[in-house]
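Participant: Knowing the structure of chain A, use the given hints to seat chains B, C and D with the ligands on it.
Here is how the chains run, residue by residue.
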Amino acid sequence: MPEAAAPPTVDEAVALGLTRDEYALILDKLGRAPNQVELAMFSLLWSEHCAYKHSKKLLRTLPTEGEHVLVGPGENAGVVDAGNGLACAFKVESHNHPSAVEPFQGAATGVGGILRDIFALGARPVAILDSLRFGEPATSERSRYLLDGAVRGIGHYGNSIGVPTIGGEVYFEEPYEQNCLVNAMALGLAERDKLVLSAAVGIGNQIVLYGASTGRDGIGGASVLASAELGDADEDKRPTVQVGDPFEESKLVECSLQLLEQGLIVALQDLGAAGITSSASEMASKGGVGIDLHVDRVPLREADMEPFEIMVSESQERMLCVVEPGRVDEVIALTDRWEVHGTVVGEVTDSGHMRIFDGGTLVGDMPVAALVDDCPIYDLAPEKPSEPIYAPPAATLAPGASMRVALLELISSPNIASRRPLFDQYDPIVQSRTVRRPEECDAAVLVLPGGGGLAASIDGNGRRVAADPYWGTVGVVLECASNLACAGAEPLGTTNNLNFGNPEKPHIAWQLTEAVRGIGDACRALEAPIIGGNVSLYNEGAAAGPIYPTPVIGMVGRLPDAERAGRLGFTQEGDAIAIAGHFHPSLAASELAKLRGEALPDGLPEVDIAAVRAAQEAIREGVREGLLSSAHDIAEGGFAVAVAECCLEGGIGATLDLGPSDDPWTHLFGEGPGGFVVSGHPTAIAQLAERVSLDVFGVVGGDDLRLTIAGDEVDVPLAELHDAHDALRRFFP
Amino acid sequence: MRARVLIRPKAGILDPQGVAVEQALPALGFAGVTNVHVGRIVELDVEDASQLDEMCRRLLANPLVEDYDVQLLGDDGHAAP
Amino acid sequence: MRARVLIRPKAGILDPQGVAVEQALPALGFAGVTNVHVGRIVELDVEDASQLDEMCRRLLANPLVEDYDVQLLGDDGHAAP
Amino acid sequence: MKFGVVQFPGSCDEVDAQAAAARVGEAVLLWHRDRDLQGCDAIVVPGGFSYGDYLRAGAIARFSPAMESVIEFADAGGLVLGICNGFQVLCEAGLLPGALLPNANRRFTFRQVDLDVVNGDTAFTRACAPGERLSIPAKHSWGRYYAPEDQLDELEAAGHVVLRYDPAQNFNGSLRDIAGVTNAAGNVFGLMPHPEHAVDALTGSTDGLRIFESMALSARGVHA
Ligand SMILES: Nc1ncnc2c1ncn2[C@@H]1O[C@H](COP(=O)(O)OP(=O)(O)O)[C@@H](O)[C@H]1O
Ligand SMILES: [Mg+2]
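Residue numbers (our numbering), protein chains in the order written: chain A, 1 to 733; chain B, 1001 to 1081; chain C, 2001 to 2081; chain D, 3001 to 3224.
Isolated chain A (complex conformation) (with noise of 0.2 Å):
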């Protein structure tokens, strides 16, 4: 093939992320020294985030398979089968580096991304769940910072695009204070029938590029392949900032919806990380076909652009369809009418090969399997740290601090205060499904078609991961799967993100290593496989350290009814209050723990995962008869903290007596999977007690909150308990 320059030299693939062994690797395959093109497509290709080099080994333990199950992992989405011919398709994907150097925009895109990934399925974006790490916002002005930007660009994309935020999860923990958290998770609906993957096939179609036009967004990693026209003195021609626009991709979602409507197209892909070099590549991998690509016929939005930025290329709000000859002026047609217009970059072929063209001129040409499929996976060396590696946390509870302020400072803790100053600020009824919005019950609820609803739910919780990777990961699972009971939803399926730090580390790959064994028991054991995620591993810094491991879990689950969706608030006065399941509360990690600034143990209690399952069988039995006024699972405050969000919600308070106990602050604040708050009437609760152990505490009703154990009784005004939840307030000016 032609070659103008001299090719790249091996210090510049490394300069690409590239180590010397895979740059060798490369020249075997090609049986030459790669261009600029081609390198800065393998560097794309063969990087972390595209090839799963760290973490594919791990990633083929988990479950995939089950019966609710169409698409598992592979495709831009997992989907699940939602009843009544739809199917529903969802995913988490993280935005973390992006959101920790422009939080607005960082998030802003991620949202957009994980959009584009549901409905490249053909699937109509129903509903956006985010889930936040940042550092202490009381302390740490970066941190306030980076949560004011990710919330409104969180909101800013999915408010402006008109898909509902009905749900997510916020902590904060000095870990994150250098490297935030910002992971998204998207739910999309669609016909059976009607789902498209992303595999192109039929050789001689034609690749159709529609939406925005490319610049030089998200190149900066590249530039070292910079020829002159494009020197040092132009750097800022090269934003390290991606800005989203979330009207044109309302605009893409309506076209790429119709495209398949009118059956004009055979597979869709959408433009994501490494943008068309690996939409194109993937698509000719699953396929097994090759593509021919025409970079001067891709529409611009800066002059001159070199062929391998256009490649690399990460503008945003892209997408690219494979389109059968005769149908390519009907799919211009309505890109047009949309205002996306597209444009003919390429086609299918049966050469097995990527080859990219400018102005006729081969200057790429590279076998599919070589980029897409030959890039070596590695083993980890996994191995629990000898000594601990998080420094404990400031405390800020004072020491003999009574049970009542030790309840008040839960509530007003920034991982346990209401989070409604920061979900105020999305739009979660847009599309009119929503039947439970935030805070009114553990998952949300949207009701589909014909009656049945569909609950989701988003967790994590980094600190219990930290202090035992496997059992705390076990224990996010079940939340996830309690959230959902709690709505009266039984689990369909998982989506998960793994965000961790350096995987070369061996303290790093034992979390990675024992939070995907924790996942994949936990999920095998609900019967709720995982069917798609996505990876974030290096967040760590050289003085901040890692960042708690964080295995972030999303769930989606199916109710017969969704008039019978359950409700967190306690609704009846005189309703009996009664704690069910199978709890085993410990202080172990907890959030009193922490104010305490107690540092983190080496391990946390065992967990019977059938038990726990059982018990979120009864729930959600429970909730789906109608037995329960209200059912609300045990998390971070403990059972005390819990009664509180009950009484919170309902604006109803509760007199609770706990009789004696040998262990008053681990009964009232210890955590631990498994346990309930429910309340309903007497003779109710009475039924779901022939079901699931449970024991009845007190009553609904009042305007206090009354919890006595062991004699002491703590007793704090709904108002006053109303104020220390609204604690984050002060962080939204």
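What the hints contain is simulated information worked out from the structure, not anything from laboratory work.
Backbone N, C-alpha and C fix where the C-beta goes; we use that ideal spot for every residue, glycine too.
Do not rely on the hints blindly, as some may be mistaken.
Said to hold, decoys possible - The calculated lysine to any residue pairs, modelled on SDA-like cross-linking and capped at a C-alpha distance of 20 Å, are: (1) B:LYS1010 with C:GLU2043; (2) C:LYS2010 with D:ASN3103; (3) C:LYS2010 with D:GLU3149.
As the list claims (entries may be wrong) - To give an idea of the interface, some chain B residues facing chain C are shown, with a C-beta separation under 8 Å as derived from the structure: (4) MET1001; (5) PHE1030; (6) THR1034; (7) HIS1037; (8) VAL1038; (9) ILE1041; (10) GLU1043; (11) ASP1045; (12) SER1050; (13) GLN1051; (14) ASP1053; (15) LEU1059; (16) VAL1070; (17) LEU1073.
Unchecked claim - Quick partial rundown of chain C residues pointing at chain D, CB under 10 Å, derived from the structure: (18) GLN2017; (19) ALA2049; (20) ARG2058.
Facilitator: Leaving out everything else, chains B, C and D with the ligands in the frame of chain A:
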């Protein structure tokens, strides 16, 4: 003294607002308008004009995505020569 | 020719952004800043500068709540005298 | 009774508005590029972020061909309802008095708000009981209603102020807590809250139905 800060999207950064305006104008019968960019202005009275640059970097502009220009205004409200 | 349109909230209309900036500055150690107002700029290349005023009235500004100024820029990008 | 809901690029709540209107009549979507209003008896300009709300909320959408027909339709006395972004578009188009400005709290804000029906004798509120309170969600970042003081006095005197926020819930800083106004002729109505998102107890409240029921009565010439 009155000052004006002009804040614009950096060259090379996508400017969705500029694009939207540029595409809207022909329909309104305004032809031949190109290269449209939308930014912000902040006008303020300062005692110490030497602080303006730092103010821009720390609060008024987002240096990652925006360029800014500081203009000192005469009493007539026009840029001083 | 390059033109710049400055668009500001009319005097007397609450300008929350201006207020927010004014309130944020002292915390950052910038004293003596008052009378802060935040507006928009639109910069564009026009073939026929005589269209600018109508463009502003019809699209770029909302005369009920905003004042605007048109500046014609020289090639150096500064306001022509 | 046939409702037409205008669909702009960037509209978000048009399908919700269509579904809400379909509870009291027939409802179709009208593409922003088409001038033909398909013989509709009433037009809804829906919520969302038409043209991304870039430049100024509603500023660009008002120039679409469909809006030109809507303006003619309104001038001829046809019923036009503008919701949220649609309210902004109608103000920009000069069909309604005043303007909508960025929220006083400088954030997009979602809140279920209580609205007092100040004038229950309009084409858009006649199905409301006198002094009725409606619980309807609001969600926007450009919702601060503004008009010059003297004009506000006239609007109030003439009964053109139709809905007010509970003063404690006026997060956007609208002057005189104004949530919805009509034009002088009374055939054009705009409000920031979303009645189309309050038509089913399952997803919230049903109070928003009053607005659509009122329009149906009015179109049939029924006067409460
Ligand atoms: N932690 C994980 N668990 C299961 N599947 C995963 C995980 N991480 C990534 N995957 C799957 O790997 C595939 C590639 O992921 P990704 O590179 O994020 O795709 P995209 O570029 O379309 O977002 C997807 O099908 C995704 O679901
Ligand atoms: Mg994808």
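Participant: Tell me the numbers of any earlier hints that the structure contravenes, in ascending order.
Facilitator: Hint check: 4, 12, 14, 16, 17 and 19 fail, others pass.
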